[in-house]
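**Student:** Sequences listed follow chains A and B, in order. If you use the working numbering, the first sequence corresponds to residues 7 to 413, in order. If you use the working numbering, the second sequence corresponds to residues 20 to 268, in order.
Treat the hints loosely; a few may be bogus.
Stated by the list, open to error - Computed cross-link-like contacts, DSSO-like style, restricted to lysine-lysine with a CA-CA straight-line distance of at most 30 Å:
{"#": "1", "chain 1": "B", "residue 1": "LYS216", "chain 2": "A", "residue 2": "LYS404"}
{"#": "2", "chain 1": "B", "residue 1": "LYS125", "chain 2": "A", "residue 2": "LYS404"}
{"#": "3", "chain 1": "A", "residue 1": "LYS316", "chain 2": "B", "residue 2": "LYS125"}
{"#": "4", "chain 1": "B", "residue 1": "LYS200", "chain 2": "B", "residue 2": "LYS216"}
{"#": "5", "chain 1": "B", "residue 1": "LYS216", "chain 2": "A", "residue 2": "LYS316"}
{"#": "6", "chain 1": "B", "residue 1": "LYS125", "chain 2": "B", "residue 2": "LYS49"}
{"#": "7", "chain 1": "B", "residue 1": "LYS216", "chain 2": "A", "residue 2": "LYS182"}
{"#": "8", "chain 1": "B", "residue 1": "LYS200", "chain 2": "B", "residue 2": "LYS125"}
{"#": "9", "chain 1": "A", "residue 1": "LYS316", "chain 2": "A", "residue 2": "LYS182"}
Source of the hints: derived by calculation from the structure; they are not laboratory data.
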Amino acid sequence: MNTLVLLFNLSLRNILRYRRRNFFLFAAIAVAVGGTTLSNSLIRGWQVSMLETAVSGLSGHIKLQAPGFADEPSLERAFSSDTQIALSQQIPMVGMTQRINLPAVITSERETRAVALVGVVPTQENISLYRDLLIEGEGLVGADDGRLLIGRALAQTLQTRAGRRVVIIVQGADGKSRERGYRVAGVFDAPMRWAENVLVFTGLGALQENLAGDQLDNPITEISVVLNDESDRGSAAAELAAAHPDLVIQDWRQMQPQIAEIVDMVDSVMVIWFFLIMSGLTFGLVNTLIASVMQRTRELGMLRALGMNKRLLLVQVVLECVGIMIVGVVAGLVLGVAMVFALGDGIDLSAFSESVEAIGISTLLRPVLTLEDLLLFGGLSVLVGFFASYFPARRALKISPLMAMNR
Amino acid sequence: MTQSISDSGPRPLAKDSSVKAPVVQCRGVKRIYQQQSIPVHALRGVDLDIREGEFVSLAGPSGSGKSTLLNSIGGLDGFDAGTVTVGGIDLGVLNSAELADLRLRKIGFVFQAYNLIPVLSARENVEFILQLQGVPAQQRRERADDALASLGLGDHAHRRPGELSGGQQQRVAIARAIVTKPVLLLADEPTANLDSKTTSELLAVLQQLNQQQGMTIVTATHDPIVMGFTSRQIAMLDGEIHQDTMSTP
């Protein structure tokens, strides 16, 4: 302990001794770590945005549907709205909602488009993108509201607006097409352009009334569940599968495997990016630290001559390297956190909206900073410093005590 | 009074040599360096006894082997043949770590270039070696202050080497060397960087240590003034002891 205090003290003084050189070294480490923190928080933000987009785009964490619906979506493959959803207390749920979600055709006086007609219970849709829609005109007042909400992009295509009428053609429960006029209650802006083009909302109850046949009262085509913790999806799916063996239960990863793969890949991207930045920094760090050792050849030789063994000399050099790294890393983390906070409102990517949506994120990219990431990359940076100290330490170990006698 | 020996056997000459144990024993010590694959015989079978309480100067021209011999005795450099014992310990059988421990506990070093640690104060420089030995803080502080005070540096304990003159720095180096009470003090050209006045003052300090505390001191030097302060002068030439003289300084 006594010796460790001595070495720590000596290392600290040596770090302070070359203030100018070490200042630039600290600055290089701080900028690298700060930049990595910022870039990683943006990458993490991208990941979170992709996940949110995937989940809030009506799929939820878990979706229950009738068998065969995914391959051939029609009301013939519906199930009863009396289906009860319950999960154990260990798996808290944000919420669940029932819907009818069917392919349909919408026609105005000017244009016709294929859309997804979604019957919703507006009060239950706080778990989907419906919650964040900016509506011009009026929103749906309840499940029995038989008017439509359409996206701004679709409204522009159809050349219609709130208050106008459009016609929807959709297949009913009896397999026959139903054509019916609807009034547009409002036009919504969504974070994702595809939602504006494709989604058409109406009240679930009203839609059930319009489409139902003799087979089912109050049919629904899906139940969407959003959990408090995404990582619970496996156990939640298992519970639901056990409770509803007649339904198909899929989590968002099964429904959107490409997005799931990208989300998984993001962690690897962050680590690879980190090591690319840090390996560049390591060359500079090693070079400076070796120069520092070479500059003190006689002094280190003197320590050996006085009786400091190689092990202690090694510890001293490593302590200096790691000490420099720790100070630089802490400064870098502070810098990185400050930059993340400065970008707290997010980066507006609306100018690249089509490209951005193609990679599954919203047009507002918010950096996401997690304590786990800070600790992981801060710790890894110090570890890099530890390994970088190998080269100067090896050089120091080659210094003979005879160097003290050099005149 | 001067006594000279010309035979080539071991040289146990010293004051009271009949009763004092040898601190250093060299027998047939050879050291060969390779310079561009040409062997250079730095030491050619040196036999030497240095007894407790002696103040010995190793003198000779460059390349005579005096520094090589000093380094071998101090465990700083190896040797190719023969034996060297310090305080009864055979250096030839020790590994690097054991040699470091021997230097730490048995031998004090004073270097030509002072070699103080620039980031530590005078007191911390002296304490440093005690800290390596694991001496408790309170005892360390007392012993360092005593050593500095005994060399007239009591008021300079808090100063860093850069704030001290050359003579003061060398006295701090001596304080660092003696604070562990080593069996042997080795000094490599300790006055080479000092003016004559400071040289005399410093040599008086070493002489005082030798005479009052009985410390065994071996110094390599070119300087006749240094030789004048020592009780035994060993002249080296071509890797051998050319002359071994005892005198009363």
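**Student:** Hint by hint, note whether the structure agrees.
**Tutor:** Checked hints:
1. With a C-alpha separation of about 39 Å, the suggested pairing of B/LYS216 with A/LYS404 is violated against the 30 Å cut-off.
2. Between B/LYS125 and A/LYS404 the CA atoms are separated by roughly 24 Å; this keeps the pair inside 30 Å, and the hint holds.
3. Between A/LYS316 and B/LYS125 the alpha-carbon distance is near 18 Å, which keeps this suggested pair within the 30 Å criterion.
4. Between B/LYS200 and B/LYS216 the alpha-carbon distance is near 27 Å, which keeps this suggested pair within the 30 Å criterion.
5. With a CA separation close to 39 Å, the supplied pair B/LYS216 and A/LYS316 exceeds the 30 Å bound.
6. For a cut-off of 30 Å, the pair hint linking B/LYS125 to B/LYS49 stands: about 23 Å separates their Cα positions.
7. For the given pair, B/LYS216 sits about 119 Å from A/LYS182 by alpha-carbon distance, which is inconsistent with the 30 Å threshold.
8. Our distance criterion of 30 Å between C-alpha atoms is met by B/LYS200 and B/LYS125, whose separation comes to about 8 Å.
9. As the CA atoms of A/LYS316 and A/LYS182 are separated by approximately 88 Å, the hinted pair breaks the 30 Å bound.
Checked against the numbered hints given earlier, the structure breaks hints 1, 5, 7, 9 and satisfies all the rest.
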